[in-house]
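The lines below spell out each chain.
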Amino acid sequence: MKKLLFSTLSLVMVLFAGGCGDFDLVDSAESKGKEKITIKIAWWGEKPRHDYTLQVIELFEEKYPTINVEPLYSNWDDYWKRLAPMAAGNQLPDVIQMDMLYLKTYSENFLLEDLIPYVNQELIKTDSINQTILSGGKINKHLYGFPLGLNAPAIIVDPHLLSSGAGNQPKDNWTWSDFEKIVLQVHKDKGIYGTNGMKSPDVFFSYYLRTKGMDLYNKSGTGLGYDDDQLFVEYFDMQLRLLDQGAFPRADVTEQIKGIEDELLVKQQSAMQWVYSNQYIGFLEATNRQLELFPPPGPGQDLGLTVKPSMLFSMSRSSKHKEAAAQFINFFINDIEANKVIKGERGVPVSAKVAEKMKPDLSVNQKKVFDYVNKVQNKNNIVEKANPLGSNEVVKLLQDVSEQILFKKITPTEGAQQFRMEANKILTTNN
Amino acid sequence: MNTRVMKENIQADVTITSISKRSRIIKENLTGYAFISPFIIGFLAFTFIPILASLYLSFTNYNLFASPTWIGMDNYIKMFTADPRYWQSLKVTLIYVLAGVPLRLAFALLIALMLNTASRAVGLYRSLFYLPSLIGGSVAVAIMWRNVFGDLGIVNIVLDVLGLSTVRWFGNPTAALWMLIFLSVWQFGSSMLIFLAGLKGIPKSYYEAASVDGANGIQKFFKITLPMLSPVILFNTVMQTIAAFMTFVPAFIISKGTGGPLDGTLLYSLYLFIQGFEFFNMGYASAMAWIMLIIVGILTAIIFTTSKYWVHYESEGGR
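Here the protein sequences line up with chains A and B, keeping their order. Heads up: the first sequence at position 385 corresponds to 384 in numbering that gives the first Met the number 0, and the numbers run straight through without jumps. Heads up: the second sequence at position 139 corresponds to 138 in numbering that gives the first Met the number 0, and the numbers run straight through without jumps.
Since the hints were derived computationally from the structure, they do not count as laboratory data. It is possible that part of the hints are untrue.
To be verified - Here are the computed lysine-lysine pairs in the DSS-like style, where the Cα-Cα straight-line distance is at most 25 Å:
1) K367/A <-> K352/A
2) K218/A <-> K395/A
3) K257/A <-> K80/A
4) K255/B <-> K408/A
5) K77/B <-> K424/A
6) K255/B <-> K80/A
7) K424/A <-> K26/B
8) K46/A <-> K255/B
What the hints assert, rightly or not - If you want a taste of the chain B side facing chain A, the calculated C-beta under 10 Å gives, among others:
9) L63
10) F64
11) A65
12) F79
13) R84
14) A98
15) P101
16) S164
17) F169
18) L261
19) E313
Since we're looking at a predicted model, the values are computed, not measured. Glycine is no exception: its CB is placed at the ideal position from the N, C-alpha and C atoms.
Work out the full structure, taking the sequences as your base and the hints as a guide.
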C-alpha cells in the first residue's frame, strides 16, 4: 500500500510541478498588467501596410500610455484561415480588420460587437462622417464594422505602353468596344497584352452587372441578382475574343501571378490593369513609372461605379477591453497624425475633416485617387453593403468557373449555367 | 532485522495467500495505469474524443461558430451526389498516391541498393540522402520547390539548355500535380533507411551461393533481394500510402491554398481544409475526413490481402 501511495504521489507531483510554475507566471503577469492593458489588433495586407500600421500603433501607444497594442498580421489568404479557429475558440483579437465578404458571417454568428453604443458615447466620433458611408458597415441597424476608407473599381493605364493616336487612348467616358479596340491595338503594335486578366472576376463582373442595373446577389441574398445568363455569356465572350487574338493573357499565364511584382503591368507585359482605386499607389511604387487612373468602360458607368468600404474595423464580442478597442478604432479614423502616416492606403478616409486636413500633404498621385473616389461618390451615392452569407464560397466558385472558361474547358454558356446552379444552391442553403 | 521482516512477510503470505496475491496484482496494475495515465489522458482528450466529436459533427451542419444542427446523412449525400469538386479532389489524390508511392519506393530502393555497397563515404551519403526527408514536410521546402519550378526556375533553365520546351509548371493542372509528385519522390529518405536496414539483414551466404551457381546481378536482385526484402516493401507501401493520402503542406503552399490551377493540385486534405476553414462547412469537412479514413482503410486492407501472393516470410519456410 505504501508503495502504491508513494508512486501515486510522485506521479501527482510530476503532473503538477509544471503547473505550479505556471501559476507563478500568471501571478506576476497580472501584477504588471494592473498598470497596462493589452489589446490585440489584427489585419491583412502586404509589407507596406504592415510597416505603416505598426507606426500608427506606436503613435497610439504614445497617446494612450496605459494601453499596450499587440499586432497580428498576415496576407489576405492566411488571415482568414487564422481568424476562423480563433473565432471558434472564442479568442478573437479585440479589433479585427473586416471585409464585406465576411462581415455577415462573423456578425450573424454573434462574434462581433455592435459599435453604435460606442458611437453614441462618442468614444468613436462620427461628426464628420457621412451616414451613408457608415451604412456600409451596418447590418439591420447594427454597426458591426467601421469603414476605414473608400474604394471604387478602376483601371490603371501605362500611357507608354499604349499605341499612339487619339483613338487609342482611354477616356473617362469610354465604352466596352473602345476598350476592346484599344486592347487589340496595343497587342498589334507592341506585341504585349492589352489588359491583365481582369481578376478577381467577382469584382468586375459585379461592376458589369451594375452598369446594366443589376447585381451579383439579389436583395435578400438568397440567390443571384440577375436573371439573364446572356450577360454572363457576353462578359466572358469578350474576354475569349481578346484571348483568341493573343491580347488577353491565357489562364496559365495569370496563374503564375502570386504578388504585385509578378503583375503583367509591372513587368511591362500589359498596358492596363483592372484594380480597386487604392491599389494605384502600390502600382506606382512597384512600377516606378507614371501611370494613369481611369474608370472602367461603360455604358452605364454612373450606375456601375459605386464606392465600397475597402476595409472595416470590427470589435470582437469576446474582447475584454472594449473601451480601449473603441479608442483604437477612433484613433485610426479621426487622428490627423495617424492618417498622415496611413496616407489613404486603406482607401480614401471616411472622415471629411481628416480628408480635408490631409490634402496639403498629399502627392499629386495620391490626390488623383482621392479625386477619383470623390467623383464616383458624387455621381452615385450608393455604398456597397455586406455580401450575403456564403458569398466567399460563391466568389471562389466564380473564380473556378472563369478559370475553366479561360482554359477553354467549358464554354461561357456552360459556365453561366454551372455558376447559376451552384451559386444558387450555396446561397439558398446559407440564407 | 531483515530476516524478521521476511519471516513476517512469509507468514502473512501463508495465512492470506490468494487474497494477498490478488490485491498485489491489482496494486501493481494500478501503479502501471497511474504511470501511463499521462498518455491515456492525452490520448483521450486530444485524439479519441476529437475523433468521436468529428464523427458526430459529420452528421451536422456546423459552421465553427454556432452550435451544430443535426442533418443526418446530408453531408455524405452531398459529397457523393452534388459536389463535383469532391470527385476532382479524390481523382487528384488517387493519381498522387498511385503514381507517387511506387515512384518514391522505387527511388528509395535504388538509392538504398547503391548505398548498400561497402564504401567509406556511405555514412556521409546516407545522411545527405536522408536530409530532404528531415526537412520534408516543412514549409521551406515547398517554397523552395515553387522557385525551382518557377517560370525562370532551375528546372526550366535546364529544359531550355537541353533544347526542350519549357513548362509553365503552375499554369498547367497536370504539370502542377506532377511537380507535387516529384516533390514527394524527392523525400524518399525514411523509406530508404528502412530498405537499407532490410538489405543489411539479407545473409551474404545467399548471394555467394548464387554466384557459385553462376547467377548475374539482375538475377540475384530478382531472385534474392526482392523476395527477401518483400516484408519491408509491404511495410513501406502501407506507411507511404497512408502518408501520401494525408499530404497537405506542399499542395497548400505550392497552390497558395487554392488547389489550383483548375483544381489540379486539390489534394483531399487540402479540399477538406478549404471546406472547413474557408467555407466554414466544418460538418461537411468532418464527413470528408471519415470517408478518407474508410478509403485509406480499404486500400490498406487490399494491400494486406494481396500481400500473401508477393510477400515472402523467411520464418514460414519460404512459402
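Taking the hints in turn, this is what the structure says about them:
Under the criterion of a C-alpha separation no larger than 25 Å, the hint pairing K367/A with K352/A is consistent with the structure, at around 18 Å. The straight-line distance between the Cα atoms of K218/A and K395/A is roughly 20 Å, inside the 25 Å bound, and the hint therefore holds. The suggested pairing of K257/A with K80/A holds, with an alpha-carbon distance near 18 Å, which does not exceed 25 Å. Proximity of K255/B to K408/A is assessed by CA-CA distance (about 22 Å); at most 25 Å being required, the pair is judged to hold.
The suggested pairing of K77/B with K424/A holds, with an alpha-carbon distance near 11 Å, which does not exceed 25 Å. Between the alpha carbons of K255/B and K80/A the distance comes to roughly 12 Å, so the proposed pair stays at or under 25 Å and holds. Restraint check: the Cα-Cα separation between K424/A and K26/B comes to about 61 Å, which exceeds 25 Å; the hinted pair is violated. Between K46/A and K255/B, the direct Cα distance comes to roughly 18 Å. Compliance with the 25 Å bound is thereby established for this hinted pair.
Nearest Cβ of chain A to the Cβ of L63/B: about 4 Å, under the 10 Å cut. The hint holds. The beta carbon of F64/B comes within 4 Å of a beta carbon in chain A, closer than 10 Å, and the hint placing it at the interface holds. For A65/B, the suggested interface contact is upheld, since its CB lies about 5 Å from the closest CB of chain A, less than 10 Å. The interface hint given for F79/B is violated, since its Cβ lies 15 Å from the closest Cβ of chain A, which is over the 10 Å cut-off.
With a least beta-carbon distance of about 8 Å to chain A, the hint placing R84/B at the interface is held under the 10 Å criterion. A distance limit of 10 Å between C-beta atoms decides the matter here; for A98/B the minimum to chain A is near 22 Å, and the interface restraint is violated. Evaluation of the P101/B hint against chain A yields a violated restraint, the C-beta minimum of about 29 Å exceeding 10 Å. Hint on S164/B is violated. Least Cβ distance to chain A is approximately 13 Å, over the 10 Å limit.
Interface restraint check: F169/B against chain A, minimum CB-CB distance 5 Å, threshold 10 Å, status holds. With a cut of 10 Å, the hint placing L261/B at the interface with chain A holds, because the nearest CB-to-CB distance is about 6 Å. Below 10 Å, beta-carbon pairs count as interface contacts, and E313/B has none with chain A, the closest being about 43 Å; its hint is therefore violated.
Going through the hint list in order, the structure does not satisfy hints 7, 12, 14, 15, 16, 19.
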